[in-house]
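Heads up: the sequence lines are chains A and B, in that order. No gaps in the numbering here: position 212 of the first sequence is 212 in UniProt numbering, and each next residue is one more. No gaps in the numbering here: position 446 of the second sequence is 446 in UniProt numbering, and each next residue is one more.
No wet-lab data here; the hints were simulated from the structure. Only a predicted model underlies this, so the values are computations on that prediction, with no experimental measurement involved. Treat the hints with caution; some may be incorrect.
Copies of the same chain look alike in the list, so a pair counts if it works inside one copy or between any two.
To be verified - Taking lysine-lysine pairs in the DSSO-like style, the calculated list, with each CA pair at most 30 Å apart, reads:
hint, residue 1, residue 2
1, Lys415, Lys6
2, Lys287, Lys6
3, Lys415, Lys322
4, Lys9, Lys293
5, Lys287, Lys41
6, Lys448, Lys6
7, Lys244, Lys118
8, Lys415, Lys287
9, Lys9, Lys143
10, Lys448, Lys322
11, Lys293, Lys244
12, Lys143, Lys293
Number of protein chains: 2
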Amino acid sequence: MTQAGKLDKVLTELDQGLDEALDRLIGFLRIPSISTDPAHKADVRAGAEWLCNELQTLGFTADIRDTTGHPMVVASSQPGEGRSLLFYGHYDVQPVDPLDLWDRPPFEPELQDTPDGKVIRARGASDDKGQLMTFVEACRAWKAVHGALPAGLTLLFEGEEESGSPSLLPFLEANAQELSASLALICDTGLYADGRPAITTQLRGLVGEEVVIRAADRDLHSGHFGGLAANPIMVLAQGLAALKDDQGRVTLPGFYDGVEELSDELRSDWDALGFDAEDFLSSVGLKHPIGEKGRTPLDMQWNQPTAEINGIAGGYAGDGFKTVLPAEARAKVSFRLTGTQDPARVRAAFREHMRGVLPADCEIEFHEHGGSPASVMDITDPAFAAAKQALTEEWGREAAFIGAGGSIPIAGDFKRMLGMDSMLIGFGREDDRIHSPNEKYDVESFAKGARSWARILATLR
Amino acid sequence: MTQAGKLDKVLTELDQGLDEALDRLIGFLRIPSISTDPAHKADVRAGAEWLCNELQTLGFTADIRDTTGHPMVVASSQPGEGRSLLFYGHYDVQPVDPLDLWDRPPFEPELQDTPDGKVIRARGASDDKGQLMTFVEACRAWKAVHGALPAGLTLLFEGEEESGSPSLLPFLEANAQELSASLALICDTGLYADGRPAITTQLRGLVGEEVVIRAADRDLHSGHFGGLAANPIMVLAQGLAALKDDQGRVTLPGFYDGVEELSDELRSDWDALGFDAEDFLSSVGLKHPIGEKGRTPLDMQWNQPTAEINGIAGGYAGDGFKTVLPAEARAKVSFRLTGTQDPARVRAAFREHMRGVLPADCEIEFHEHGGSPASVMDITDPAFAAAKQALTEEWGREAAFIGAGGSIPIAGDFKRMLGMDSMLIGFGREDDRIHSPNEKYDVESFAKGARSWARILATLR
């Protein structure tokens with residue numbers, strides 16, 4: 001049988017089994033696996049057991065691996081003919097507060113008809129149980145029809161993604177050999193805004209810094225000391241203001257080392273998205289994109305680094321007025337990184353800059369709040385073009401390589417710990433209300449998601 | 001009898017009556033006239049009654065004037081031969097918390113011997129009961145010896161100075177004719193740092209402003225929006241940083257209009273004070289005076305205006321880190337004014353400056369927090385030279401005209417409402433612990449203070 005013929009049978013199997021697949025998802029969603037709440041510890045474990053059992057039923061070798069936190073579920077198939085792949089998803093969910101904003105109990109899933117189509121509503125429907133089950137169902141169909149998967153596959157399911165993943169890095173380190181593959185598949189992202197299928201191929205990195213400037217050993221009276229004593233808020237403001245020039249560019253020496261201009265392929269894909277920055281900003285009451293002159297909004301959002309002040313505090317900022325000349329002022333600053341920008345060098349340049357504005361009598365202190373480089377996938381790997389083609393065929397719309405302004409730590413972790421790129425494909429929609437009351441997942445996302453993975457597995461063999 | 005002979009008798013009377021004067025002060029200090037605490041409303045009134053009674057006993061026409069808050073006490077003598085004077089003091093006191101830091105009950109005054117001499121310890125001993133009683137005792141001695149005061153005198157005692165003086169302005173306005181005089185005498189300041197007698201002849205004014213900058217209608221994710229959406233903290237920092245140039249000068253157009261260089265007389269007096277800026281700053285853990293290059297520290301502190309950021313807040317500044325791109329940021333900014341700087345023009349220039357840095361999509365809002373011009377007394381009035389000479393004779397040290405970096409609103413109120421300058425003379429010391437536990441007043445301050453006023457009254461007739 002040709003590979004195309006094989007795939008057709010798998011897709012038919014998926015279509016015919018959709019109701020049963022939804023029933024399985026509903027069973028999974030009934031488990032309140034809230035990882036951040038100790039009261040739900042047993043429920044989280046129940047989630048792992050449910051998943052492990054499903055995978056064993058499918059013929060995977062699967063087991064639960066205890067950690068100091070919630071367990072991991074690891075499953076593997078017999079090595080197939082194709083390349084080795086690692087699939088990642090998470091079976092834990094966000095808390096459900098405020099409960100009174102839910103239209104129905106969050107762990108009693110229901111299929112609902114809406115003006116935009118059928119949805120399944122429950123906590124975790126989209127993030128990430130519904131999404132991870134698209135992949136599991138694709139595997140089920142391949143196994144059911146052909147008795148084997150088209151690729152060698154390891155599956156890793158985490159139960160702590162919504163509570164900071166404290167066990168993940170030690171687990172990756174301890175099981176590096178077992179989990180290493182030629183490529184990771186991650187299903188925890190979404191379709192592009194307009195519903196177009198997309199593969200996220202680059203994510204910005206992040207450097208977080210806290211800076212504290214101190215002068216006098218107490219708050220001073222601004223009448224008695226104003227004009228003589230250094231003002232830490234002013235020093236801080238001057239340092240922070242000088243982080244950007246009047247073109248919106250970051251002024252730190254060497255900051256742009258490693259930032260790369262967009263390739264023609266990505267520029268073309270991104271242009272085709274028709275991103276409307278004004279429309280995007282209007283959703284939060286804004287209108288005019290700021291940033292470096294002469295760059296497109298998506299270039300600014302996905303491919304250019306940033307310097308942002310995330311918080312600032314000093315002196316008296318409550319009701320009324322106190323003529324205090326404060327002893328200290330502090331700010332939290334973060335840099336989004338792209339290309340091969342080095343977090344350590346960016347951090348060092350920031351510290352040197354701030355030290356450079358420090359007058360006599362002031363002391364400065366820095367606190368590190370995380371640092372990770374950008375994740376930029378090697379899209380010359382033919383897997384990316386193949387997956388893009390598969391998505392295009394399934395959705396009937398040209399799939400796109402897209403970027404992300406934020407970070408998805410797991411992608412960086414896989415690169416750093418296991419040396420592999422990640423292909424981030426997901427079918428969530430912007431109105432899925434993940435992390436919020438009344439979370440849902442479109443049945444179309446679920447059904448076409450499973451069909452998408454079935455196609456991708458066929459191409460990646 | 002010559003005026004000098006008359007004065008000698010008054011001074012002798014004061015010396016001989018010191019113990020009785022201290023007894024009177026102790027009686028006054030027993031009254032817990034805490035104006036800010038409603039539970040002490042009757043005590044504040046009792047303070048007014050005590051004072052009114054004392055003044056009547058001295059032969060003043062005195063009465064209690066009700067306000068919507070605590071009462072005023074107004075007393076007047078028969079118009080004398082000399083010029084008309086208004087004396088001002090306040091009979092209310094600060095709260096006493098934290099009570100457990102007091103060595104003894106705050107309203108059980110005690111005379112104590114200390115290594116630095118005898119003191120009277122109680123809440124209000126210095127601020128302002130002890131100080132105002134120096135003037136009352138000087139009047140008593142003049143009356144006792146000569147049956148009359150050497151000048152026409154009105155006395156005004158306020159019971160709300162420690163709680164924001166809400167009734168003062170309406171009272172001044174309603175009683176402008178009665179209270180107007182050629183000069184006000186105010187006893188609520190101190191000796192110069194080294195114990196040298198001093199007359200404060202200029203006080204800086206104050207403009208208080210709060211500025212709020214808003215962008216998006218909610219806090220944003222700095223990954224998704226960073227690079228596209230305006231950051232109100234950055235806008236605020238850029239606006240505030242640009243308030244000063246690299247020489248420490250305020251950059252607002254027209255800001256220095258009205259700032260006057262020191263006269264030779266004041267420069268000479270101030271130089272003679274031997275102010276040691278490093279020593280002054282070392283008391284709060286600092287060492288290096290900042291401020292405009294080429295100016296003496298006292299010029300900076302008393303005769304130059306300032307721009308200070310008193311408080312700033314925006315985004316997330318608590319423990320940990322949130323990659324938030326905040327919806328708003330705010331700062332409290334104040335300007336100390338000197339010479340004839342116009343508070344309204346300074347405020348307008350600040351607002352125009354901040355509006356000038358505002359990018360598209362940001363909104364700005366200002367809140368006014370008070371504004372008053374500097375108080376600069378006309379020291380060509382011979383009363384100032386005469387009082388300075390009197391102080392020099394009493395204390396055996398060259399008295400000085402000094403300035404103050406802060407504001408004393410009553411001096412500005414008298415100027416604005418009643419058209420008269422104020423002569424600010426007081427005998428408090430830096431270690432009096434006013435507003436703090438264990439407040440005290442040196443018996444030397446009390447005794448020499450009364451003698452000083454006796455001398456000054458003789459010269460001002």
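Taking the hints in turn, this is what the structure says about them:
For a Cα distance limit of 30 Å, the shortest separation of Lys415 from Lys6 qualifies neither inside one copy, at 33 Å, nor across copies, at 97 Å. In this assembly of identical chains, the alpha carbons of Lys287 and Lys6 never lie at most 30 Å apart, being 50 Å within a copy and 81 Å across copies at closest. In this assembly of identical chains, Lys415 and Lys322 lie within 30 Å of each other by CA distance solely across copies; the values are 24 Å between and 51 Å within a copy. Within a single copy, Lys9 and Lys293 get their C-alpha atoms no closer than 52 Å, and across copies no closer than 84 Å, so neither meets the 30 Å cut-off.
Neither within a single protomer nor between protomers do Lys287 and Lys41 lie at most 30 Å apart by alpha-carbon distance, with minima of 45 Å and 56 Å respectively. Taking the shortest alpha-carbon separations for Lys448 and Lys6, only the intra-copy value of 18 Å comes in at or below 30 Å, while the best inter-copy value is 109 Å. In this homomeric assembly, Lys244 and Lys118 never come within 30 Å of each other (Cα to Cα): the closest approach is 47 Å inside a single copy and 60 Å across copies. Taking identical chains as interchangeable, the C-alpha atoms of Lys415 and Lys287 are never at most 30 Å apart, the minima being 37 Å within one chain and 50 Å between chains.
In this assembly of identical chains, the alpha carbons of Lys9 and Lys143 lie at most 30 Å apart only when taken from the same copy (11 Å versus 118 Å across copies). In the homo-oligomer, the alpha carbons of Lys448 and Lys322 never lie at most 30 Å apart, since the shortest distance is 61 Å inside one protomer and 35 Å across protomers. Both within a single protomer and between protomers do Lys293 and Lys244 lie at most 30 Å apart by alpha-carbon distance, with minima of 13 Å and 27 Å respectively. When the C-alpha separation of Lys143 and Lys293 is checked against a cutoff of 30 Å, the pair qualifies neither within a copy, at 53 Å, nor between copies, at 81 Å.
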